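Protein chains in written order, with the working numbering: chain A, 915 to 1147; chain B, 9 to 196; chain C, 18 to 549; chain D, 649 to 842; chain E, 778 to 992; chain F, 7 to 358.
Hint data in this document are derived by calculation from the structure and do not stem from the laboratory. Please read these numbers as outputs of a predicted model, since none were measured by experiment. Any given hint might turn out to be false.
Unchecked claim - When the alpha-carbon atoms are kept at most 30 Å apart in a straight line, the in silico DSS-like pairs for lysine-lysine are as follows:
id, chain 1, residue 1, chain 2, residue 2
1, C, K420, D, K682
2, B, K127, C, K420
3, D, K742, A, K932
What the hints assert, rightly or not - If the Cβ cut is set under 7 Å, some of the chain E residues that face chain B in the computed set are:
id, residue
4, I779
5, G787
6, A794
Stated by the list, open to error - Only some residues are given here: those of chain E computed to face chain D with a beta carbon under 8 Å:
id, residue
7, A797
8, T798
9, V801
10, S805
11, Y878
12, S879
Note that CB positions come from ideal geometry on N, CA and C, so glycine has one too.
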Amino acid sequence: MSQSPSVYKELAWQGLWKNNAGLVQLLGLCPLLAVTASITNGLGLGLATLLVLVGSNITVSLIREYVPNEIRIPVFVMVIATFVTVIQLVMNAYLYTLYQALGIFIPLIVTNCLIIGRAEAYASKNPWHHSAFDGLMMGLGFTLVLVILGGIREILGNGTLFDGADLLLGEWAEALRIQLFSVDYPLLLAILPPGAFIVMGFIIAGKNWLDSYRAARAEQPQKQVTRARVTAQ
Amino acid sequence: MSFLTALIILGVLALIFGLILGFAAVRFHVEGDPIVEQIDALLPQTQCGQCGYPGCRPYAEAIANGEEINKCPPGGETTIKNLSELLGVEAKPLDAAHGTETVKKVAVIREDECIGCTKCIQACPVDAILGAAKHMHTVIAHECTGCDLCVEPCPVDCIDMVPVPVRPDNWQWDLQQIPVRVVESGNE
Amino acid sequence: MTIAIKEIDSGQLWNFPGGIHPPERKQLSNQGSITPLPLAQTFTIPIKQHSGAAGDIIVAVGDRVLGGQPLTHAGLNNGLPVHAPTSGTITAIAAGRIAHPSGLADTVITLTADGEDTLVTMPPLLDYREHGRSELLERIKQAGIAGLGGAGFPTAQKLALQRPIEYIIINGVECEPYITADDCLMREHAQTIIDGIEILLHLAGCDKALLAIEANKPEAIAQFEQLLPQHPQIALRVVPVKYPSGGEKQLIQLLTGQQVPSRGLPLDLGLVVQNVGTAYAVARAVLAGEPLIQRVVTVTGEQVSQPGNYWVRLGTSVADLLAHCGFQPTPTQRVIMGGPMMGFTLPDLAVPVVKITNCILVPSHAELPPAGPEMNCIRCGACADVCPAQLLPQQLQWLAKAKDYDGLEQHHLFDCIECGACAYVCPSEIPLVHYYRKAKAEVRQLAREKVKSEIARERFEARQERLEREKQERLERHRLAAEARKRAQAEAVAKGADDPQDAIQAAIARAKARKAAQAAAAAKQSDDESNV
Amino acid sequence: MGDYLLLLVATVLVNNFVLVKFLGLCPFMGVSNKLETAIGMSAATTFVLTLASVCSYLVNQYLLVPFGLTALQTLTFILVIAVVVQFTEMVVHKTSPTLYRLLGIYLPLITTNCAVLGVALLNVNEQHNFIQSIIYGFGAAVGFSLVLVLFSALRERLAAADVPIPFKGAAVAMITAGLMSLAFMGFSGLVAVP
Amino acid sequence: MIIKSMQRNGLILTAFALIATLLVVAISVLTEAPIARQKEQELLRVLNQIILPEWHDNDLYHSCTLVSDPALGPGERRVYRAELAGQPTATAIEVTAPDGYSGAIHLLVAIHADGSIAGVRTLAHNETPGLGDKIELRVSDWITHFTGQKVNGADDPRWNVKRYGGMFDQFTGATITPQAVVTAVQRAALVAAAQQEQWYAAPANCFPQQAEVSP
Amino acid sequence: MTFKLAASPHTHSRRTTQQVMRWVYLALLPGVLLQTYFFGVGVYVQILLALATAWLAEAAVMRLRNRPIAHAWQDHTAIVTAVLLAIAIPALAPWWVIVIGTLFAIVVVKHVYGGVGQNLFNPAMAGYVLLLISFPVQLTSWPLPSELAQLPLTFGDTLHIIFTGFTQAGHNLEQLRMGVDGITMATPLDSLRQDLGQAMTLTESLTKPIFGSLGGIGWAWVNLGFLVGGLILIKQRIISWHIPGGMLLGLLIPAAIYWLFHPDQAIPPLMHALSGATMLGAFFIATDPVTAATSNKGRLIFGLLIGVLVFVIRTWGGYPDAVAFAVLLANMTVPVLDKYTQPTVYGHGGRS
Ligand SMILES: Cc1cc2nc3c(=O)[nH]c(=O)nc-3n(C[C@H](O)[C@H](O)[C@H](O)COP(=O)(O)O)c2cc1C
Ligand SMILES: Cc1cc2nc3c(=O)[nH]c(=O)nc-3n(C[C@H](O)[C@H](O)[C@H](O)COP(=O)(O)O)c2cc1C
Ligand SMILES: Cc1cc2nc3c(=O)[nH]c(=O)nc-3n(C[C@H](O)[C@H](O)[C@H](O)COP(=O)(O)O)c2cc1C
Ligand SMILES: Cc1cc2nc3c(=O)[nH]c(=O)nc-3n(C[C@H](O)[C@H](O)[C@H](O)CO)c2cc1C
Ligand code: SF4
Ligand code: SF4
Ligand code: SF4
Ligand code: SF4
Ligand code: FES
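Bound conformation, chain A alone (with noise of 0.2 Å):
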């Protein structure tokens, strides 16, 4: 446990950008693109991957030395299948509006690629705290992408941000709705399925950029890997 700190970091560090899920994984795309028509749909979505995320890292971090391998799938998909019904079940009930927008994909976080993903990557090698944060960064650093990608096309296509957040945070929310220009003709492809690929793609590239921009400018320590030998010296 004294490497905890630098456990985190590490952690924190990969799940929020270098190996973020969503830029770099490329995992859990279907609802990144499907419901990023706005910023509120996406941040519902990516609070609602994020809890599942957790609970089902933890308890399959927990219940990892139980399952034998010839069902090890059936058992993970059938816990997030559970954590999945049971906040499915909690926004229909408090969160209507919002359940509604974001339609198919809630159940649909059941297979969202992130989740068993890491349940396998991670999870089913790791103590359960460890799994947890993992689990939340993974989950933060696809929200992350999930607001951005949101926002972008929401501006883009329909010239506001947070446009129904009301939806998602209750009648105060209203007041945070931005309307940024008006124009009467947005651009549509921004909000339709091709732009959500094409914004994705240029969100990619930024990063990519801001990776090779920071590299050339950390003229970096490289550290160096010691060589095995093979033979006696």
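Following the hints, position chains B, C, D, E and F with the ligands against chain A.
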């Protein structure tokens, strides 16, 4: 809906599925993982250890267990590309922390300086060095993989790594590298 | 695959896909007759001038040699000897310029001529039909004859295989612009060529030869039309002007309608293709005993004032050759060995004329402007339209850039004959052929590396096994030593410590055991290290 | 008959699962580097998707609905799918090593392909009958395979393109998918969706 | 061997399935009531917009009856009957316009007892955002233009978009969507005129209904 | 003296990419001139706007990539893209329409892929489709052919309406598009589609003034103009006949069959051939070498595919004209087509 029907139905369903999978797991059990062999076949077999593993095969095993594929400098881009195709993962640039892809080299022992200590023989993973104790050693050039593991142990520093000579028959059609402009023409 | 003998005999011609019509510019060099080039002072003779292994050098520096004397001895494989082009002294045997696009050095023999030009020949075999097949083949081999048409494949070896041959095709097409060496040879030595063809027919054991000449060589055609009626075995085929109808595979398709199977040989169709120059050289070697020490070389281009065809001794440097032709170099002069389509530029003029050198081209800037900047391929397909091998050059180029070797394989890179037709028409001025050559070299290199890595692995594994075995043996020794010590101690105890002999024994045993233990420990340590 | 054909056309082209409905995108991006692997993935997905569509229809129609357990749909469907996939994998692994080599690493991926669960859920939502469910599952799979194969061939060609560095890899692939989706907009309105 | 593996896998999977089911069922029982309430409130919110409170004093939500008429769309449709002091005042009908630009448009159409339109709202649609979605009140007030209009028979020329000589605006660039809505409302009004009386006679038979999983 | 090493061949037939592109935009001239005659000088304004945008965009991209700007300009492909996009959109569309479209075409569709020759989709058509789905109103508001126009347009008016949306006299585009009968007129294909959709018969619909003799007033002539230009390109061996031939066959054969069976509900084949962007598409757009199949067999299939798609979308789809969509859809299939239509290579079993 009632608790009981739900529990019974799902329980029975899960039981059946579990039985099926349990049956299949044994009935259709397959031994062994041929992927290591396939990976190993793609590695350059230089045995240089730059990947951080003692030899190519251990690295192949590590890759099969999820290690990154971009750690072998002697293999360079070609190997990474082949591995990425074999494993269906994205090709990444070579991890500079392990070194960079350089021109192929061979070891050459400056024979007049060699004191015959046999240290290099022990170091060479492919037995490419010939010689007996207290006698001059030489490198069999075509067996040498250029791993440079023999350089460090040599107490008198008489081993050089020199680029593999380019001959007309292994020339890579690199017109830019021909020393034309250096060689002046005959009739001037 | 059987060839349609009836149609072929009736004189039918087929066509091959693609092909181009670049400006011919042959009149530049085909006006006069073939002039013997005055002897140069020094000759540099690369020991490898054909496709195959070089022979072993059988002369030493300082030796005096006569013209026509072999300088190397051909080995068993596809080696060929090279001969002294004239009499003189061997002054160096070292790495030097060879006629290769790489400009890299290889072993060359330098001969300083004595100016007397004393030649030796082998005994003529005028009644060659009386001599054995193997004797004739040996003569052709000893004369150092390699195909003079391009690839320089040893002629004797082409004919050595005992397979039924339907036709010998004599390639007098000379489709590449500028070059007129074969043309002039045919005009002046038609009879010798016919003799050579007869010898080849005799060797091949077949009775039909097709002599193909492109329609733009009326004088050569006239010569043969006049002579051939006396030689019913040889049929003349005048083929339409199109580049590259002189390519072996294309010529076969033109004359027989058949395609040489990929990776196969013309022999698979019962065909052998020989250049007219080769036929001439065979005739001279058999009927006059002359080894191959000179050939016809076209010197042409606007930067020489006396273009034409010359009899040039092999080993003459391009500088000496050009000096006789009124060479006026421009600042960025290109000197091309070979024609404009398939030749290569020389890194300097020290390069010698060799067996496959058919042309030295020194164009002015205006007549063959250097290629413009390479632009991106626009996939216009012009290249595919002209490719005689029906390849997709743009695709190959793309794959070569991507280093997709599997894709290159699927697109049959190795069926490209490097004719350059594609690059000739490419509007984006992409040096396509260059990409293919590079890619081919890379593929070959990869194959070599693959073999090498396989060997390395085997050696590594063998070594590991050996080390393991040695370790086991050491441990075994250690165990034995320990046992011996124990035994010795036990014996010592049993005997009482007062026997000095025993004390010494025990000490020795202890020392031995300690050494063994140390060795074992060292071995263990090194193992530990290697397992990091 | 005509209706079924229309449903097929509509699922394959007009409402293409990947480009219009945004389902199954992860494998679409993930296993489209090489044409060969894409074809393998297509075959595997087609098999599993059709089978899962049928199985989940049966489970839903004969177990969940009669007993009023519709809240358990997601749970049950995903269980069915996971088991179908797992079972297929094991069987293929044993019986046909060559096929397994081809499909091996893609089969587990299919479980987490949301297209599969999507088909099951959409079948319920759109109240498809048995035959419609089969067609819908098959159509979705064909649509997936079609764009996956085309996309991977496009990406193979991209491999050598001089793409600006930040766009290399996933970014340009996304944009390509976007342009494909743009092209697929041409099919909109072709078949009226009920 | 096989038996053991089967037992083990079967039991573990069953155990997990049981726990999962238990959880899901428990939550679904707990949320059943709020969900139903949410649905009711959502519907009521819309209902109250088009049938103003001064037009009724009965429990609109529970005054629902099921009818079926191909002109209203496939399957059973809900009709909410408003009464003021026991007198029929208006009905709100679920209507589907099948011919929207991208699929069916689901509407709620309220019609006064005198045949005039009390109000129309869009419940669900897939029209293109920015073009066809102007039928949502959130986006534009176009849908309110129906209020107060009357239908004079099936071939009333005014019941069309302006481009085809009607009285309703089309949207620039999108004629199909408004046209679909207009004709659907027109059909609903005609059906209502013919059947409203029967509807009031029918029993309130919409509830209890089973919880649906998705919209 | 130093020698320059070069790879063979050392000679080259001198038709460069630039010359190829020049032929293409010169061959567009007949069609463009006719289009200007019928739809006004707005066509030129659009072309100029597109060219300016394209050049600036290429320059900007080259700057960002630290490459010489001339590198992108010298091949003239951007000119072809810009001109094709400009003549594909209505002559009086607002200025920002063509600017957005050209930017998208040049930056996203062409240079994100690395520039000339590397793009997978036809830039001009991708730009057009972007505009069509983003601004359907502007993209379908074709001005009336000059013979039918109520209000004559001066050059000043044209500029005014493109940049401000109103003529100098204050008319907006909608008013300009009003026909004699006071009803806004759509393009021939558009109005046919709507009329047939409204259950009118073909003969009824064809009585509208927009339908002249063949493919609609003006449109038929413009198509013939492009046909002439296309034939010049074939003559010059810039394009081969396979793609245009395939596309026309793929369009006309199904159209004719369908028309025979539904004579009064289908667009007649001749109308298919001479209206919309048929000829432009067949000879100039589908033939874009970069995004088309390369072997002749592949080209034929590629053309046929486009033709059939145009027919299907025109007949049952949601868009009046479908050349752009069809071309993009066919672009997607090119790598696969190329892969499976390789000619038999010498020595691999083919016969001569
Ligand atoms: C490696 C190699 C092996 C060959 N073996 C034979 C052979 O066994 N018999 C034969 O008749 N020709 C053989 N050839 C000669 C070729 O068929 C051909 O004539 C020669 O490559 C010259 O052709 P070119 O100048 O068109 O390239 C061989 C050529 C090469 C390169
Ligand atoms: C593109 C191309 C063009 C060729 N043109 C000729 C030619 O015009 N005349 C000729 O004799 N050989 C030409 N060759 C060489 C022939 O392919 C073949 O190697 C030669 O005729 C075999 O005869 P040899 O072994 O006697 O040289 C050409 C080869 C290629 C690849
Ligand atoms: C991407 C796209 C989406 C469209 N969405 C709608 C829509 O939702 N509703 C609609 O009526 N028309 C829509 N249209 C417009 C139709 O294609 C068609 O042009 C229009 O309905 C005909 O009306 P108009 O005569 O006003 O142009 C859309 C067009 C495009 C390109
Ligand atoms: C015959 C021909 C047709 C062309 N058609 C198009 C076209 O439809 N759209 C376009 O953007 N560029 C076209 N180009 C130009 C060029 O090929 C195109 O910009 C490339 O796609 C840019 O990489 C054409 C060029 C030629 C030679
Ligand atoms: S770096 Fe490459 S060559 Fe060296 S040992 Fe590792 S795998 Fe082998
Ligand atoms: S000789 Fe030296 S460089 Fe060569 S393989 Fe042996 S250890 Fe490596
Ligand atoms: S001729 Fe040049 S530009 Fe045209 S397709 Fe071939 S390589 Fe590309
Ligand atoms: S060089 Fe190769 S690819 Fe080019 S035309 Fe000749 S055979 Fe075809
Ligand atoms: S989220 Fe849909 S396939 Fe991954």
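To see whether the hints hold, each was checked on the structure:
{"no.": "1", "hint": "C:K420 / D:K682", "in the structure": "14 Å, holds"}
{"no.": "2", "hint": "B:K127 / C:K420", "in the structure": "40 Å, violated"}
{"no.": "3", "hint": "D:K742 / A:K932", "in the structure": "39 Å, violated"}
{"no.": "4", "hint": "I779", "in the structure": "5 Å, holds"}
{"no.": "5", "hint": "G787", "in the structure": "3 Å, holds"}
{"no.": "6", "hint": "A794", "in the structure": "3 Å, holds"}
{"no.": "7", "hint": "A797", "in the structure": "6 Å, holds"}
{"no.": "8", "hint": "T798", "in the structure": "7 Å, holds"}
{"no.": "9", "hint": "V801", "in the structure": "6 Å, holds"}
{"no.": "10", "hint": "S805", "in the structure": "4 Å, holds"}
{"no.": "11", "hint": "Y878", "in the structure": "7 Å, holds"}
{"no.": "12", "hint": "S879", "in the structure": "7 Å, holds"}
Violated hints, listed in ascending order, are 2, 3; each of the other numbered hints is respected by the structure.
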